[in-house]
Amino acid sequence: MPKKILIIPSWYPNSNNELVGTFFREQAHLLNANGFDIKILFGVENEVGLFKYLSIRLTQLFSKKNDLNKTYLKQAPEAFSFPIYHYKKWPEKRQLKSSKQKYQQAYKAITTLWQPELIHAQCSAKGGIYAHYLSKKNNIPFVIIEHQIFLLNYYKKYVQKGIRDAVENASKIGAVSYHQQRCILMNSMDCNPTIIWNLMDESKFEINTKQTNTKFTILTISYPHLIKDTETFFRSLEAFQTICEDNFEAIIIGNDSFNDSSKANSFYFETLAKKYNVHDSCTFYPQLTRAEINTKLQSCHVFVSTSVAETYGVAVREAMLCGKPVIATKSGGVEDSITEETGVLVNLKDAKAIAENLLKIKNKELVFSPETIRNYIIEQSGRDTFIRTMTDFYNEKKS
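Residue numbers (the UniProt record's numbering): 1 to 399.
Worth double-checking, as some hints may not be accurate.
Lysine-lysine pairs mimicking DSS-like chemistry, simulated, CA-CA at most 25 Å apart [claimed, not checked]: (1) 39 to 89; (2) 74 to 89; (3) 210 to 4; (4) 296 to 362; (5) 100 to 39; (6) 93 to 136; (7) 161 to 93; (8) 102 to 215; (9) 4 to 88; (10) 100 to 70; (11) 93 to 74; (12) 136 to 157; (13) 210 to 296; (14) 157 to 102; (15) 4 to 157; (16) 39 to 157.
If you're looking for bench data, these hints aren't it; they were derived computationally from the structure.
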């Protein structure tokens, strides 16, 4: 019988934003088809006014139906969402306590006919906190794979404690890069994180053997946050513009609309492009489908990442699956996959070095094998490797 795994993600693709947490769903989907019985449970938290909160509570008290929903989250595997309503003037500590209780209610509802053998939290905040609570209430082991930047001081003290308790009491902890492993341990966590590189599904990306774009094309995928250091990207374009004799195109994909994709825009990126006098060489896409991103990756000549910190670097590796060389800052997670045969690493904020290496790639002073780049990623974290790694992670006892 397939092992039953309940996944508690910290975010997940939904009807408001189908791209957020896409890799969580893709990993779960692959595992569900290869030896595991996977289900997803995710609470959607909302802050409301007093009258609305009281009205909702009264309705819930007199209703015999549960609030589980299979239309909000993207399906395959089976994914259940449920609403969590907080009175907006509650302190965050009370909200967290209420959320834990709602997770327990939802857990009881989905386990009437299906009982998980293991709970898997995707990220410690706050999926790990909820998984730990469910584990204690129902006497079921849980594991955590940490995906986001691990900075305990970012959270309030009671959340820090919740994260620490979850990490140190989990059956196993996974980290998506050696950088991430180091960050967890630097917070004095009593654990031994296993490296679990994210799934890079080679079936969704391929090498374009007929490069039709003659204009040298640079691509980046980002969002407006200091951790992405997009300003360095535009400074590098400005520097490249001064040393490149030919016209080039820079494609910038991304926005800051995480909760509602209908509000996606490129205003932040366009402002920086104008500031560094490269706007005329740039094309902006606030949001693209996965298929459209694949097409853009296949048409570019090089992918650039200027992040200050990357826990893993999904976009970087997707470009590499398309056989594209990468110029990336030494931001942590990406360093596990970039070698002299697959790309170039530069120091943080070094726009000049990025520009110089862009010119070398354009002039074919630096030449890379697309097949070598792609195969490196497949061997490290392709479908077969990911299934084997996760099978060991789910089945091995705590180290």
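Verification of the supplied hints:
1. For the proposed pair residue 39 and residue 89, the alpha carbon gap of about 33 Å is over 25 Å, so the pair is violated.
2. Taken as a hint, the residue 74 and residue 89 pair is broken in the structure, with Cα atoms around 31 Å apart against an allowance of 25 Å.
3. A C-alpha spacing of about 44 Å is found between residue 210 and residue 4, which places the hinted pair above 25 Å, so the restraint is violated.
4. Proposed proximity of residue 296 and residue 362 is supported: the alpha carbons are some 18 Å apart, at most 25 Å.
5. With a CA separation close to 19 Å, the supplied pair residue 100 and residue 39 stays within the 25 Å bound.
6. Taking the CA atoms of residue 93 and residue 136, the gap is about 19 Å. The hint holds against a cut of 25 Å.
7. A distance of roughly 12 Å separates the Cα atoms of residue 161 and residue 93; the hinted pair therefore holds under the 25 Å criterion.
8. For the given pair, residue 102 sits about 54 Å from residue 215 by alpha-carbon distance, which is inconsistent with the 25 Å threshold.
9. In summary, the hint linking residue 4 to residue 88 is not supported, as the alpha carbons are separated by about 36 Å, beyond the 25 Å threshold.
10. Distance restraint check for residue 100 and residue 70: the Cα-Cα separation of roughly 20 Å lies within the 25 Å cut-off, and the hinted pair is therefore satisfied.
11. Restraint check for residue 93 and residue 74: the C-alpha separation of about 30 Å exceeds 25 Å, so the hint is violated.
12. Simply put, residue 136 and residue 157 have alpha-carbon atoms about 21 Å apart, close enough for the 25 Å limit, and the pair holds.
13. Restraint check for residue 210 and residue 296: the C-alpha separation of about 14 Å stays at or below 25 Å, so the hint holds.
14. Between residue 157 and residue 102 the CA atoms are separated by roughly 22 Å; this keeps the pair inside 25 Å, and the hint holds.
15. A threshold of 25 Å between alpha carbons decides the hint, and for residue 4 with residue 157 the separation of about 34 Å lies outside it, so the pair is violated.
16. A threshold of 25 Å between alpha carbons decides the hint, and for residue 39 with residue 157 the separation of about 31 Å lies outside it, so the pair is violated.
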